[in-house]
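**Q** Given next are the chains, with one letter for each unit.
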Amino acid sequence: MRTLLIFCPTLVVADEHVEMIRVQSLLRRRLEKFNTSDDLLIVNAVAYDGVSPQYIDQLLDLDFTFTIWEHQIERAGGCGRPRGARRPTNYCIDTLVRRLPPTLRQSDLYLLRIIQDTFVLDAGRFLQEIDRLARPQTGRFLAGKLAYSTIDSQHLLAMRLKWVSCIEYAHGEVLLAPAPVWRQFYLPLPDEITHYTDDVLMSAWLKQEGGRLIDLQDTFAHLHACPLDRLAQLRDLYARD
Amino acid sequence: MRSLWIIIPAAITHERDLEALRALSVLRDRLRDAIGGRDVKVYSALAMRRVRPRFDRATLNLGFNGVVWPADLRADYGRRSQCPVRHATGFLIEEFRRVLPSQCRQGMHVLRILQDVAVTDVDAFARDVREGLSASNDFVGGRVRPWSDEDSKLPVSLGLAPPERGTPCLSGEVLFAPLRVWERRYLRLPDGASDRDAAALTGAWVAAAGGKLVAMTAAWRRDTGGPVTANSAPVREQRP
Numbered sequence: 065m066r067t068l069l070i071f072c073p074t075l076v077v078a079d080e081h082v083e084m085i086r087v088q089s090l091l092r093r094r095l096e097k098f099n100t101s102d103d104l105l106i107v108n109a110v111a112y113d114g115v116s117p118q119y120i121d122q123l124l125d126l127d128f129t130f131t132i133w134e135h136q137i138e139r140a141g142g143c144g145r146p147r148g149a150r151r152p153t154n155y156c157i158d159t160l161v162r163r164l165p166p167t168l169r170q171s172d173l174y175l176l177r178i179i180q181d182t183f184v185l186d187a188g189r190f191l192q193e194i195d196r197l198a199r200p201q202t203g204r205f206l207a208g209k210l211a212y213s214t215i216d217s218q219h220l221l222a223m224r225l226k227w228v229s230c231i232e233y234a235h236g237e238v239l240l241a242p243a244p245v246w247r248q249f250y251l252p253l254p255d256e257i258t259h260y261t262d263d264v265l266m267s268a269w270l271k272q273e274g275g276r277l278i279d280l281q282d283t284f285a286h287l288h289a290c291p292l293d294r295l296a297q298l299r300d301l302y303a304r305d
Numbered sequence: 118m119r120s121l122w123i124i125i126p127a128a129i130t131h132e133r134d135l136e137a138l139r140a141l142s143v144l145r146d147r148l149r150d151a152i153g154g155r156d157v158k159v160y161s162a163l164a165m166r167r168v169r170p171r172f173d174r175a176t177l178n179l180g181f182n183g184v185v186w187p188a189d190l191r192a193d194y195g196r197r198s199q200c201p202v203r204h205a206t207g208f209l210i211e212e213f214r215r216v217l218p219s220q221c222r223q224g225m226h227v228l229r230i231l232q233d234v235a236v237t238d239v240d241a242f243a244r245d246v247r248e249g250l251s252a253s254n255d256f257v258g259g260r261v262r263p264w265s266d267e268d269s270k271l272p273v274s275l276g277l278a279p280p281e282r283g284t285p286c287l288s289g290e291v292l293f294a295p296l297r298v299w300e301r302r303y304l305r306l307p308d309g310a311s312d313r314d315a316a317a318l319t320g321a322w323v324a325a326a327g328g329k330l331v332a333m334t335a336a337w338r339r340d341t342g343g344p345v346t347a348n349s350a351p352v353r354e355q356r357p
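First to last, the sequence lines map onto chains A and B.
Per my numbering: the first sequence = residues 65 to 305.
Per my numbering: the second sequence = residues 118 to 357.
Be a bit skeptical, because a hint or two may be false.
[What the hints assert, rightly or not] Pairs of lysine to aspartate or glutamate residues, derived as DMTMM-like cross-links and limited to a Cα-Cα distance of at most 25 Å, are as follows:
no., chain 1, residue 1, chain 2, residue 2
1, A, Lys226, A, Asp216
2, B, Lys158, A, Glu83
3, A, Lys97, A, Asp195
4, B, Lys158, A, Glu96
5, B, Lys158, A, Asp195
6, A, Lys209, A, Asp125
7, A, Lys271, A, Asp293
8, A, Lys209, A, Asp279
9, B, Lys158, A, Asp158
10, B, Lys158, A, Glu237
11, A, Lys97, B, Asp173
12, B, Lys158, A, Asp125
13, B, Lys158, A, Glu134
[Said to hold, decoys possible] Examples of chain B residues toward chain A, derived with CB under 8 Å:
no., residue
14, Tyr160
15, Asp173
16, Leu177
17, Asn182
18, Trp186
19, Arg215
20, Pro218
21, Cys221
22, Arg222
No wet-lab data here; the hints were simulated from the structure.
Even for Gly, the Cβ is constructed at its ideal location relative to N, Cα and C.
Build out the structure end to end from the sequences listed, making use of the hints.
**A** Spelled out as structure tokens, the structure:
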């Protein structure tokens, strides 16, 4: 059996953030409609890195298999100190995976991280691609939109990796990898690696260790500062599919 | 804004347990229709003490607003009662304080239902719940019973003054109270007290302090075993 665990590291301090995560909460059921593989189980999680008190009651009705609150992230050992998406990502890779029900934990587990302002536009093609990649024969891989960075090379030396002037990487807005790849190449990243560079360094490290970067098809969009009316359209799209 | 949280401590070792939880997950929506509205929000939370591996998949996405998994309970950072039902109940009550800001906890009520309780008449049940929600003072709702000789050893063993024989107290299959009562009474009982003892003492002490016991007896029944079909009738009745 294969398990796809979709997780969203989330910060909720504005009305738009509530709507973003409301849309994200619909993704699991939306993808299930396109799931034709009997052996692929889809579950989802939200990991709140911070929530302004006035928004909490709006988050209680959202449909996530696992909901992780900030106090859980803070209390869990080994989550590290970095703020931003790294802290909840660490929690999901480490603590959440260890606490999954045994059937899921013992399956071929794939983690799909989606940043809260990134949205799947073509759910059918998106799942088709994930279903194709999330298989043992794909080996050690990291999938996302591939891009290049020329500004993060100094971190390579700090991590004792081979220096290259231009790093090919999978952009962190949507990242798919087997659970062991996350554990080996994300969890040990130094604290000073923020969520702006975690994708670059994880990609570079994996590649230097012989893993593969895979370009995901263009089925999603990263919508910075997405306004409420656009989010309402996305919610309709997610609910309609 | 008032809120009502239905909380269920559960162990899932049989198909019957799953079916009972599916029914109880629907109860939230039925109560939303019956008592919810602009001034009362209804939520539900499940604390799974134990799940047989073959039921793992079925426990995903049961439709509760909050879920505590067995691994969370095992890693509990709060107080740890020796009684599994009390431990799970106490964990959920404490989780409210950890997650919800104070403005959400004001006016909050908690209705604890054991997993083998089937609500057979939602409208009548909702009337009992409404009576509690409208109470201005402390109250505890449930099945009222007299304090018995069988109960009386507990307070003594805990170094507490025992209620007099015949004092009204509660059994714990259904236990309904404002959050503050759960926090001040139920949670503060020693870890050695069982859930049955804790329910009885909570009821007796609230009554002794001038609070009200709300009798909630007509609209539910407890099915403590038997084949799956024994519980299926109330399950169907609970479903819309």
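**Q** Work down the list of hints and note, for each, if the structure agrees.
**A** Hint check:
Our distance criterion of 25 Å between C-alpha atoms is met by A/Lys226 and A/Asp216, whose separation comes to about 13 Å. With a C-alpha separation of about 20 Å, the suggested pair B/Lys158 and A/Glu83 falls inside the 25 Å cut-off, and the hint holds. For the suggested pair A/Lys97 and A/Asp195, the alpha carbons sit about 13 Å apart, so the restraint of at most 25 Å is met. Under the criterion of a C-alpha separation no larger than 25 Å, the hint pairing B/Lys158 with A/Glu96 is inconsistent with the structure, at around 29 Å.
With a C-alpha separation of about 39 Å, the suggested pairing of B/Lys158 with A/Asp195 is violated against the 25 Å cut-off. Distance hint between A/Lys209 and A/Asp125 is unfulfilled; the C-alpha atoms sit about 32 Å from each other, more than 25 Å. Straight-line distance between C-alpha atoms of A/Lys271 and A/Asp293 comes to about 40 Å, which puts the hinted pair past the 25 Å bound. For the hint linking A/Lys209 to A/Asp279, the alpha-carbon distance of about 5 Å falls within 25 Å, and the restraint holds.
As the CA atoms of B/Lys158 and A/Asp158 are separated by approximately 34 Å, the hinted pair breaks the 25 Å bound. For the hint linking B/Lys158 to A/Glu237, the alpha-carbon distance of about 35 Å lies beyond 25 Å, and the restraint is violated. Our distance criterion of 25 Å between C-alpha atoms is met by A/Lys97 and B/Asp173, whose separation comes to about 21 Å. Of the pairs offered as hints, the one joining B/Lys158 and A/Asp125 holds, with about 11 Å between alpha carbons and a cut-off of 25 Å not exceeded.
This hinted pair checks out: B/Lys158 and A/Glu134 have alpha carbons roughly 23 Å apart, not beyond 25 Å. Contact between B/Tyr160 and chain A, as hinted, is supported at the beta carbon level, the nearest pair being about 6 Å apart and thus within 8 Å. Taking 8 Å as the C-beta contact cut-off toward chain A, the hint placing B/Asp173 at the interface holds, the least distance being around 4 Å. Given the 8 Å rule on beta carbons, the hint for B/Leu177 holds: about 5 Å separates it from the nearest Cβ of chain A.
A cut of 8 Å between beta carbons decides the hint on B/Asn182: the least distance to chain A is about 5 Å, and the hint holds. Taken as an interface hint, B/Trp186 checks out: its beta carbon lies about 6 Å from the nearest beta carbon of chain A, inside 8 Å. Hint on B/Arg215 holds. Least Cβ distance to chain A is approximately 5 Å, under the 8 Å limit. The beta carbon of B/Pro218 is positioned within 8 Å of a beta carbon in chain A (closest approach about 3 Å), and the interface hint is therefore held.
A cut of 8 Å between beta carbons decides the hint on B/Cys221: the least distance to chain A is about 6 Å, and the hint holds. Interface restraint check: B/Arg222 against chain A, minimum CB-CB distance 11 Å, threshold 8 Å, status violated.
Violated hints, in rising order: 4, 5, 6, 7, 9, 10, 22; the structure is consistent with all others.
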